[in-house]
Amino acid sequence: MNMLYEPSIHLQQVSFSANGKTILKSITGSFPKGKITTLVGPSGAGKTTLLKLCNGLLSPTDGQILIDNQPISTYEPTALRRHVGIALQAAPMTNGTVFENLALPRSLQGKKLTKKEAIQYLQDVGLDQSFLQRSTNGLSGGQRQKVSIARTLINQSSILLLDEITSALDRQSVQDIETLITTINKKYNVTMIWITHNLQQALTIGHFTWVMMDGELIETGKSSLLKAPLNPRVVEFVQGANV
Amino acid sequence: MTFTTLSLTLIFVFIPLLLSKTLNLGLEKDTIIATIRSIIQLLAVGYILKFVFDAQSFLYIFLMVALMIVVATLNARKKGEGIQGITWKIALTLVVIEAVTQGVLLGFHIVPATAQYIIPISGMLIGNSMVLSILFLNRFTAEITNRHDEIELILSLGGTPKQAIHRQLINAVKASMIPTIESQKTIGLVQLPGMMSGQIIGGADPIQAVQFQLLIIFALLTTATLSSIMIGFLSYPALFNKRMQILEMK
Chain P
249 MNMLYEPSIH LQQVSFSANG KTILKSITGS FPKGKITTLV GPSGAGKTTL
299 LKLCNGLLSP TDGQILIDNQ PISTYEPTAL RRHVGIALQA APMTNGTVFE
349 NLALPRSLQG KKLTKKEAIQ YLQDVGLDQS FLQRSTNGLS GGQRQKVSIA
399 RTLINQSSIL LLDEITSALD RQSVQDIETL ITTINKKYNV TMIWITHNLQ
449 QALTIGHFTW VMMDGELIET GKSSLLKAPL NPRVVEFVQG ANV
Chain L
4 MTFTTLSLTL IFVFIPLLLS KTLNLGLEKD TIIATIRSII QLLAVGYILK
54 FVFDAQSFLY IFLMVALMIV VATLNARKKG EGIQGITWKI ALTLVVIEAV
104 TQGVLLGFHI VPATAQYIIP ISGMLIGNSM VLSILFLNRF TAEITNRHDE
154 IELILSLGGT PKQAIHRQLI NAVKASMIPT IESQKTIGLV QLPGMMSGQI
204 IGGADPIQAV QFQLLIIFAL LTTATLSSIM IGFLSYPALF NKRMQILEMK
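Each protein sequence line maps, in turn, to chains P and L. Going from the first sequence to my numbering is simple: count from 1 and add 248. Going from the second sequence to my numbering is simple: count from 1 and add 3.
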């Protein structure tokens, strides 16, 4: 289905095992350049592991991953991770202020983030400048997710991996983030892979969708597949979620 | 002190035994084992030291120091079992500490190059480094486990392993050094250090005893800093692979 599009990330029979447990089983598929691909499936399907493989936090035990047609192993790890940014599900923060967290991607490269830039990134995710000097320890789950998204955007990656970034947000914030992500996708042609448990979100935001179960890629196609899936397991999964 | 007088000090062993029995603390067996072990070990060390001091051979001094390093290494490594190659990293740290401190002490003729000085001073410094290493590894492994997400975050943003582990490393170094620094702040006010007390009891001039104690205190500062920093910088690369991925601690 994605053969018509140039792949940003291509997985060739990728498997991953840890501690004697197989987490991903021979996944083959592509994430098209400049498009949003949503990744859905029950918990434990291996979705987060797949994102960590694409960001180089993990390496496949078998198979190959190509990033922009180049084997992932040929990238220098720090350069790869700036090229393929990831917003982690737990939205981890370092101790300190929101500004220090936003400045982190730059400080790791010995560069500085200006206050003006930090305010702009905060506004993009719907937070005002009063948050800049707030301690990250006092942030709510939703606020942490917003700061985490803003921090991920600072590296201006060509590929963005988003792991359930709206799970702790209220409805208005979810809409704001969805608008922000689609705007970045269109404006900068950034490839996005977005894990979500919200199938409605997967349908409306995604150009394409991957459905994963038990470490396997069960069905892929345009996101409209969620309205009429072919695989009986996906039919059952979608019905359970009431799309 | 005669053996008869020394045997009277066993009263201090009977008191905890009696209390343990009366209050059902269940510590009688451990107390007896600890007492017997300390008698055997200290008497053995006493006779060995007497032999080494009489011989005044550098080979025996070297063997004594080497034995201290081996025992300290084997004891400290238990706290860092998840870190690959921790044994040789601790051993190397202890060797460097011994070389640096004795290099200064003997090189500047601060103490005479005799077994009576080298062996007890080495024992104090290596023993302190062992405790420091245990404190450091205890805190460092806990930091890595508890702050795994933070380490992964920095790696995911394009940080190097050194950048990712920096905060955990600093926290562990500080935590391991605090007891040494704090105990030095109150030294002489709350407690008289063991070596100084021993010298005074042995009839030495208190001022000379203080001078030697100061020597040890200053040397301990170096060993404390070197122990945790060296083990930290030798250990952290083993937590990552070539692809800058954090490894699971075994």
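If you are wondering where the hints come from, they were derived from the structure by calculation, not from laboratory data. Ideal placement from N, C-alpha and C gives every residue a C-beta, glycine not left out. It is possible that part of the hints are untrue.
[Unchecked claim] Label-pair distances were calculated between CB atoms; the ranges are:
1) Gln-381(P) - Trp-91(L): 16 to 22 angstroms
2) Pro-240(L) - Gly-358(P): 18 to 24 angstroms
3) Trp-91(L) - Thr-452(P): 54 to 60 angstroms
[What the hints assert, rightly or not] Here are some chain P residues the structure puts well away from chain L; computed CB gaps all over 10 angstroms:
4) Ile-334
5) Lys-363
6) Gln-368
> Any hints this thing doesn't respect? Which numbers, in order?
Replying inline: As far as the earlier hints go, 1 and 4 are violated by this structure, in ascending order.
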